[in-house]
Amino acid sequence: MARDLVPLIRPLVDGRVGGMSTTNAVGVPLEPLPDDAHLLAPLLEFAAETPDRPIFAVRSGESFTDVSVGDFVARVEAVARGLVAAGVNPGDRVALMAGTRLEWLLMDFAILATGGATVPIYDTSSAEQIQWIVSDSGAVMLLVENDKMLAAADAVRGGMPECREVLAIDHDAEGELVRRGADVDPSVITDRIAALRADDLATVIYTSGTTGRPKGCVLTHRNLRINVRQSGLAVGPALQPDESGMLFLPLAHVLTKGYVLFGIEQRMRCAFATDVTKLAEEFPLARPTVIAAVPRIFEKVFEGARQKAVADGKGKIFDKAAAVATRWSEQRTAGKVSPFVAVQHKVFDKLVYGKIRTAFGGNLRFAFSGGGPLGERLTHFFAGIGVDIYEGYGLTETSPTLTINAPGTWKPGTVGRPVAGTAIRIADDGEILAKGPQVFSGYWKHDAATAESFDDGWFRTGDVGELDADGYLRITGRKKELIVTAAGKNVAPAPLEDRVRAGALVSQAVVIGEGRPFVSALVTVDELAFERWADAHGKAGVTVAESVDDPELRAEVQQAIDAANESVSRAESIREFVILPGELTIESDELTPTLKVRRGTVEKSYAGVIDAIYTR
Amino acid sequence: MDDDPARPVVRERVLRDGTGVVVRPLVPEDRAELTERYGQLSALSRRLRFVSAPEHLSARLLDHLLDVDQHDRVAIVAALADEPGAPGVGIARYARRRDDPTTAEAAVTVLDPHQGRGIGTLLLTELVAMALERGIDTFVADVMWENHDLLDRLRAAGAEVMPGEPGSASIRVDLPSTPDRLERSRVYQVMRTVGSA
Chain A
0 MARDLVPLIR PLVDGRVGGM STTNAVGVPL EPLPDDAHLL APLLEFAAET
50 PDRPIFAVRS GESFTDVSVG DFVARVEAVA RGLVAAGVNP GDRVALMAGT
100 RLEWLLMDFA ILATGGATVP IYDTSSAEQI QWIVSDSGAV MLLVENDKML
150 AAADAVRGGM PECREVLAID HDAEGELVRR GADVDPSVIT DRIAALRADD
200 LATVIYTSGT TGRPKGCVLT HRNLRINVRQ SGLAVGPALQ PDESGMLFLP
250 LAHVLTKGYV LFGIEQRMRC AFATDVTKLA EEFPLARPTV IAAVPRIFEK
300 VFEGARQKAV ADGKGKIFDK AAAVATRWSE QRTAGKVSPF VAVQHKVFDK
350 LVYGKIRTAF GGNLRFAFSG GGPLGERLTH FFAGIGVDIY EGYGLTETSP
400 TLTINAPGTW KPGTVGRPVA GTAIRIADDG EILAKGPQVF SGYWKHDAAT
450 AESFDDGWFR TGDVGELDAD GYLRITGRKK ELIVTAAGKN VAPAPLEDRV
500 RAGALVSQAV VIGEGRPFVS ALVTVDELAF ERWADAHGKA GVTVAESVDD
550 PELRAEVQQA IDAANESVSR AESIREFVIL PGELTIESDE LTPTLKVRRG
600 TVEKSYAGVI DAIYTR
Chain B
0 MDDDPARPVV RERVLRDGTG VVVRPLVPED RAELTERYGQ LSALSRRLRF
50 VSAPEHLSAR LLDHLLDVDQ HDRVAIVAAL ADEPGAPGVG IARYARRRDD
100 PTTAEAAVTV LDPHQGRGIG TLLLTELVAM ALERGIDTFV ADVMWENHDL
150 LDRLRAAGAE VMPGEPGSAS IRVDLPSTPD RLERSRVYQV MRTVGSA
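Chains as they are written, first to last, in numbering that gives the first Met the number 0: chain A, 0 to 615; chain B, 0 to 196.
Treat the hints with caution; some may be incorrect.
Only some residues are given here: those of chain B computed to face chain A with a beta carbon under 7 Å [claimed, not checked]:
hint : residue
1    : Ser51
2    : Pro112
3    : Trp144
4    : Pro165
5    : Gly166
Residues of chain A clear of chain B, computed beta-carbon distances all greater than 10 Å [to be verified]:
hint : residue
6    : Thr22
7    : Arg58
8    : Ala84
9    : Ala150
10   : Ala151
11   : Gln239
12   : Gly314
13   : Lys335
14   : Leu481
15   : Ser546
16   : Asp561
17   : Arg598
18   : Gly599
Restraint-style ranges between C-beta atoms, simulated for each label pair [unchecked claim]:
hint : chain 1 : residue 1 : chain 2 : residue 2 : range
19   : A       : Pro160    : B       : Leu65     : 50 to 58 Å
20   : A       : Asp427    : B       : Asp136    : 19 to 27 Å
21   : B       : Val21     : A       : Glu375    : 54 to 62 Å
Just so you know, these hints were derived from the structure itself, not from any lab.
Where a beta carbon is used, it is the ideal one built from N, C-alpha and C, also for glycine.
Start from the sequences, fold in the hints, and give me the full structure.
What follows is the structure, given as structure tokens:
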């Protein structure tokens with residue numbers, strides 16, 4: 000897979016920049032979708048053209064077994080008839096809570112085929128969240144994966160009055176629905192699909208706000224389909240016939256959803272990983288050529304390869320190879336690779352890079368990355384070993400892609416240029432504003448929030464950024480008080496901190512997790528409350544600083560953490576915490592002079608403590 | 000203006016609706032009242048003021064809030080003059096920056112039921128006057144982005160609004176060079192607009 004040295008960066012012909020200004024950039028023009036376009040059309044066309052070609056693959060034994068598109072579509076139609084028999088009408092919402100597996104997409108497409116809309120729920124969501132999402136969306140039915148989810152749903156059943164029934168995939172929800180739909184004429188489904196319009200509701204995806212309950216983003220068939228086309232236009236030059244994909248991130252995440260829709264339009268086979276922890280084993284079995292991932296996946300592959308090299312006594316060679324890969328990509332991007340670097344690059348390709356590519360199965364050529372910032376260094380490193388990462392930017396509210404790095408318009412450290420039909424503007428205060436057919440119409444039943452999220456027709460992303468003269472967007476900050484983990488999960492720290500602080504001994508809690516694999520918290524203990532507690536627990540005279548590792552004190556704080564975690568999904572929950580020896584102080588800038596908490600400085604002050612949490 | 004900055008200044012003012020207000024320095028004896036008033040703030044007001052705000056003030060936070068010298072750390076209280084016990088309904092403070100002694104961080108809080116009566120304006124006007132007398136020419140503040148109304152008014156009045164910490168804007172307002180130019184200055188317009196929120 001060694002590359003020739005022709006620079007990947009071509010003259011900037013596939014994008015136009017609005018007047019060379021640095022506050023506006025627009026993508027190439029885009030033909031609008033016809034009003035009868037919908038998400039099932041590409042699937043049905045795929046099945047009509049080549050029913051025997053694989054659309055998915057699932058693990059069975061030591062390999063992946065193909066599922067043909069013809070068979071898949073037949074299952075979708077049979078399940079859809081069952082949903083009709085269960086009373087699902089056009090416009091109805093059906094909630095779907097499952098891990099990333101074939102049945103997720105089977106149910107999703109079946110819901111769409113009835114004219115309904117899917118309301119995805121993360122498979123790690125708490126009972127409280129399930130209740131909120133099902134009741135707020137008014138879902139008439141809830142499809143879950145397993146007994147555990149069934150139990151969680153049962154516990155809050157009273158709080159979701161519009162939900163008529165709950166079925167579990169592990170209890171053969173498919174078979175049950177197929178049986179019930181046996182008497183429903185197949186033409187009902189054909190008619191319902193024919194009646195679908197581009198502006199019909201396709202999904203309501205709930206996202207965390209900075210405060211309060213999650214809000215449902217209303218996305219139409221048009222939003223999602225046009226975004227697939229926009230991404231396809233951008234990365235088109237990199238595509239070859241017979242691409243193959245792999246699914247491992249939650250399908251409740253719009254990035255994964257967009258990726259699988261892209262795969263279907265490209266007639267690509269997508270393999271379902273059994274679990275994200277099995278990727279090392281399953282990449283080589285599925286051998287994808289293109290994946291969609293979050294930064295954490297790339298970090299893990301890099302760290303894993305490095306640790307293995309160190310364990311084999313080859314740490315120095317690895318570091319040297321990594322540096323060469325990075326320099327090679329940097330020079331290639333600049334337009335010319337020096338002969339010296341080129342030779343080193345060739346040598347290391349055999350010795351080191353090939354092994355890292357093997358971690359991805361050996362065939363991976365490019366990857367979409369989103370959900371959070373991927374470092375410039377890592378992007379160059381992977382490009383240097385032969386895997387181009389097309390980092391993009393967007394939100395659930397934007398289906399998701401607004402900008403993307405692509406072949407010919409690739410600038411690591413930025414999130415690329417606007418995709419076709421999309422305009423990006425930087426407001427006076429630095430906020431990134433966006434316009435395009437992929438931008439949602441609003442939040443479900445939440446007009447106030449919808450009104451706030453638009454400014455004269457422009458969607459306010461809540462992120463702060465800058466455009467360079469060539470129209471590349473760089474993200475520099477965030478207006479919303481949100482943490483984005485390396486897994487791309489948005490976490491609102493304030494509600495979590497409020498709940499932790501409600502703990503009897505806790506004086507202050509600062510939630511950490513930006514760019515990290517999971518969420519953690521730094522907790523300070525109220526000295527007066529601690530004294531009373533210490534007296535009552537036979538620890539009179541002991542200080543907080545002496546007790547930060549005291550199991551009894553930690554157990555006390557753990558209760559407050561547990562209470563906070565009940566309100567969120569596992570991806571947002573506080574997995575680790577550290578009790579700080581003292582309160583946050585003004586002297587160290589953790590509090591501003593007027594006592595405002597400064598998260599940034601707290602993170603710097605306790606960088607060592609935080610690193611220890613994440614390297615345990 | 001006061002000749003001796005160390006001397007406590009008490010000013011009587013009248014709000015637009017005719018309510019009499021006394022503006023006076025915060026003193027250590029205010030400890031109990033400060034604790035009580037903090038408890039009366041809505042969760043939103045607490046959050047907008049302190050970002051990650053505890054439900055009750057700890058002894059230590061109280062110590063800090065009461066630790067004023069009326070020179071580098073100034074805090075003034077607005078109290079309802081005509082009510083029994085002259086209850087405090089608003090507080091404004093600034094703290095001089097250690098790295099830049101002509102700049103101070105400012106903050107103002109008014110109890111929820113009394114917001115929108117002009118108390119904030121009143122407090123800020125006094126605070127700016129005190130800052131000018133004490134050699135401060137710039138106020139800075141972190142304001143949460145979700146405090147849309149305040150930010151819009153600050154911006155309209157010419158304050159510099161830059162992205163700060165995640166969730167917050169970093170505000171910078173130049174104070175007029177001398178107190179007598181206060182009323183004609185931009186910052187006064189800022190205060191007027193902020194206070195009338």
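What are the numbers of the hints that this structure violates, sorted from low to high? Violated: hints 2, 14, 17, 18.
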